[in-house]
Amino acid sequence: MEGRLVEERDSQTAQQPVESGVTAPKVEEISDQELQAILREARRELLHPRSQRRLEVTVRILMRFVCDASAMWAALVFSYWVRFQYPLVVRLFPPENAVSFGPVALTLAMTSPVLFLALKACGMYDPYQRIRVLDRIPRIVGSVNAHLVFTLIVSFLFNSLATPRGFLVFFWASSIIFIFVSRTFLQFLASLIGWGDVVMRNTLIIGAGRVGKSVARKLIKHQGFGLRPIGFLDDDPLFAEFEEPELRDLRVLGNLDSLENVIRDFRVEKVIIAFNTSPAERLLDLASTCNGAGVECSIVPRLFEVITDEITVNEIGGIPLIRLRDKRLHGYKKALKTLEDYVLGTAILLVIWPILLVTAIAIKLDSPGPVFFRHRRVGKDGKCFDCLKFRSMVDGAHKMQAELVNGKSGNEFGWLCWKEKEDPRVTRVGKWIRKFSIDELPQIFNVLAGQMSLVGPRPHIKEEVRQYKDWHRQRLNVKPGITGLWQVSGRSDLPFDEMIKLDLYYIETWSLWQDIKIILRTFKAIITGDGAY
Numbered sequence: 131m132e133g134r135l136v137e138e139r140d141s142q143t144a145q146q147p148v149e150s151g152v153t154a155p156k157v158e159e160i161s162d163q164e165l166q167a168i169l170r171e172a173r174r175e176l177l178h179p180r181s182q183r184r185l186e187v188t189v190r191i192l193m194r195f196v197c198d199a200s201a202m203w204a205a206l207v208f209s210y211w212v213r214f215q216y217p218l219v220v221r222l223f224p225p226e227n228a229v230s231f232g233p234v235a236l237t238l239a240m241t242s243p244v245l246f247l248a249l250k251a252c253g254m255y256d257p258y259q260r261i262r263v264l265d266r267i268p269r270i271v272g273s274v275n276a277h278l279v280f281t282l283i284v285s286f287l288f289n290s291l292a293t294p295r296g297f298l299v300f301f302w303a304s305s306i307i308f309i310f311v312s313r314t315f316l317q318f319l320a321s322l323i324g325w326g327d328v329v330m331r332n333t334l335i336i337g338a339g340r341v342g343k344s345v346a347r348k349l350i351k352h353q354g355f356g357l358r359p360i361g362f363l364d365d366d367p368l369f370a371e372f373e374e375p376e377l378r379d380l381r382v383l384g385n386l387d388s389l390e391n392v393i394r395d396f397r398v399e400k401v402i403i404a405f406n407t408s409p410a411e412r413l414l415d416l417a418s419t420c421n422g423a424g425v426e427c428s429i430v431p432r433l434f435e436v437i438t439d440e441i442t443v444n445e446i447g448g449i450p451l452i453r454l455r456d457k458r459l460h461g462y463k464k465a466l467k468t469l470e471d472y473v474l475g476t477a478i479l480l481v482i483w484p485i486l487l488v489t490a491i492a493i494k495l496d497s498p499g500p501v502f503f504r505h506r507r508v509g510k511d512g513k514c515f516d517c518l519k520f521r522s523m524v525d526g527a528h529k530m531q532a533e534l535v536n537g538k539s540g541n542e543f544g545w546l547c548w549k550e551k552e553d554p555r556v557t558r559v560g561k562w563i564r565k566f567s568i569d570e571l572p573q574i575f576n577v578l579a580g581q582m583s584l585v586g587p588r589p590h591i592k593e594e595v596r597q598y599k600d601w602h603r604q605r606l607n608v609k610p611g612i613t614g615l616w617q618v619s620g621r622s623d624l625p626f627d628e629m630i631k632l633d634l635y636y637i638e639t640w641s642l643w644q645d646i647k648i649i650l651r652t653f654k655a656i657i658t659g660d661g662a663y
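The sequence shown begins at 131 in my numbering and counts up one residue at a time.
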């Protein structure tokens with residue numbers, strides 16, 4: 131079609147009269163490929179102008195600010211009504227002094243910039259940073275705390291009575307709840323209009339090797355990072371084309387010398403250097419080029435399998451040294467996690483005992499054999515223990531596993547995390563309790579016996595541990611868990627090495643809040659049955 135248009139244009143030009151002494155301009159034909167490139171560039175200019183990106187960022191920030199301001203105002207009105215007008219509260223806790231609404235609202239309005247600045251400091255207004263729903267809670271709590279502390283300081287310095295202590299207690303709680311709910315509702319509205327959690331940024335990957343390909347796959351799979359891979363740069367690419375379905379649209383866009391042109395032509399906003407074989411000085415030049423073009427540049431470290439964001443960097447005579455910490459819980463963290471296991475474990479047992487009873491009866495009626503299955507697993511420091519589970523297979527099924535594993539064609543990892551979706555050994559009741567992970571519930575007794583934790587690495591069998599690499603064994607430094615980070619990040623769908631990396635990341639970045647988040651996300655995974663079989 132484009133060739134026909136060119137021919138018609140040439141014929142029309144040839145038919146036009148030529149004035150005396152004037153030479154008709156020569157028309158240069160263009161190929162179909164060149165015309166398609168021009169049309170793609172025009173379409174890119176039309177759909178993704180820089181002004182539209184700036185407008186989207188501005189709108190996102192403004193919407194969050196309006197959302198937070200409205201939530202704060204609603205919390206103010208609600209707290210004042212509860213503290214001074216709700217009959218039950220007024221009767222049980224009489225106000226220490228009567229304060230009109232005006233002075234209270236004026237005082238909190240004057241100190242409110244501290245709240246917004248605190249929210250901004252913790253990334254709540256960053257349109258390029260994705261914050262999970264549960265991760266917003268500690269950030270909102272910290273911001274509200276900073277606001278109230280500043281308000282109390284101002285009230286003390288000016289001897290103001292406009293912020294009664296009883297009112298501030300209700301305002302503190304309602305502010306946290308209202309801001310959290312309003313932000314969650316705002317995210318829901320944004321999803322309705324097709325907006326994700328973050329602004330997507332065009333990302334260029336330097337290094338078309340295995341690591342570069344792995345980075346691209348993760349960015350495509352986890353769009354919550356807000357990074358959209360557009361291609362690779364490499365002087366000597368290992369992969370020129372990609373067989374994976376999610377990577378088929380990506381190409382090697384050129385060599386390293388074309389970095390500036392690619393950044394300009396494809397509007398690259400972030401560059402990731404992933405194990406390129408170029409000398410260190412060359413990589414520094416590339417980083418300088420990115421900085422000069424206003425593009426963020428990151429590099430994947432050589433030891434990315436064992437390094438997390440909790441590293442310690444020292445230097446000796448200008449040479450940076452990265453300290454690789456021992457993957458183990460020490461001191462108060464170890465004591466706190468032990469307390470968590472016993473307290474939450476007891477509370478969970480009191481809640482789930484009816485489920486345990488009903489499941490045990492169903493298993494007994496469905497097939498002959500014991501209700502519980504005791505499986506020898508490797509625990510902390512390589513010590514073995516009997517892991518309790520509801521029996522979901524026929525009696526004696528473990529004796530059939532070796533034959534099934536060895537007879538599975540294309541089984542890359544052997545015994546490592548072997549599972550079969552259509553396992554012939556699974557009973558009728560077993561199929562349902564495995565789908566919703568009910569078969570794992572008896573492990574709460576292992577937790578109370580001190581053999582397992584509620585959250586931790588998955589306990590492996592001896593055959594799996596024998597195939598460990600040396601760095602895999604670091605996961606044995608803590609107690610295994612009923613659930614863990616890898617279970618809520620993909621469960622059975624993750625390859626073995628990815629599970630190990632998530633386990634090591636969990637150990638090094640452990641916190642009580644992280645365990646609570648994993649437990650809550652586990653409930654969601656159990657209800658949906660994602661990745662379980």
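In case anyone wonders, no lab produced these hints; they're calculated from the structure.
It is possible that part of the hints are untrue.
Said to hold, decoys possible - Label-pair restraints from in silico Cβ distances:
id, residue 1, residue 2, range
1, Lys-463, Ala-235, 35 to 45 Å
2, Arg-412, Phe-575, 53 to 63 Å
3, Ile-482, Ile-323, 35 to 45 Å
4, Arg-347, Arg-262, 16 to 26 Å
5, Leu-368, Asn-275, 44 to 54 Å
6, Ala-410, Phe-286, 50 to 60 Å
We put the CB at the ideal spot given by N, CA and C, even for glycine.
Can the suggested window of 44 to 54 Å be confirmed for the beta-carbon pair Leu-368 and Asn-275?
51 Å, holds
- prompt: Is 16 to 26 Å a correct range for the gap between the Cβ atoms of Arg-347 and Arg-262?
  reply: Since Arg-347 and Arg-262 have Cβ atoms about 21 Å apart, the given range 16 to 26 Å holds.
ask   = Can the suggested window of 53 to 63 Å be confirmed for the beta-carbon pair Arg-412 and Phe-575?
value = 58 Å, holds
Ile-482 paired with Ile-323, Cβ distance criterion 35 to 45 Å:
40 Å, holds
Could one say that the CB atoms of Lys-463 and Ala-235 fall in the range 35 to 45 Å? Once the Cβ atoms are compared, 43 Å apart, the range 35 to 45 Å for Ala-235 and Lys-463 holds.
| query | Is it true that the C-beta distance of Ala-410 to Phe-286 lies inside 50 to 60 Å, as the hint says? | reply | 55 Å, holds
Taken one by one, the earlier hints all hold for this structure without exception.
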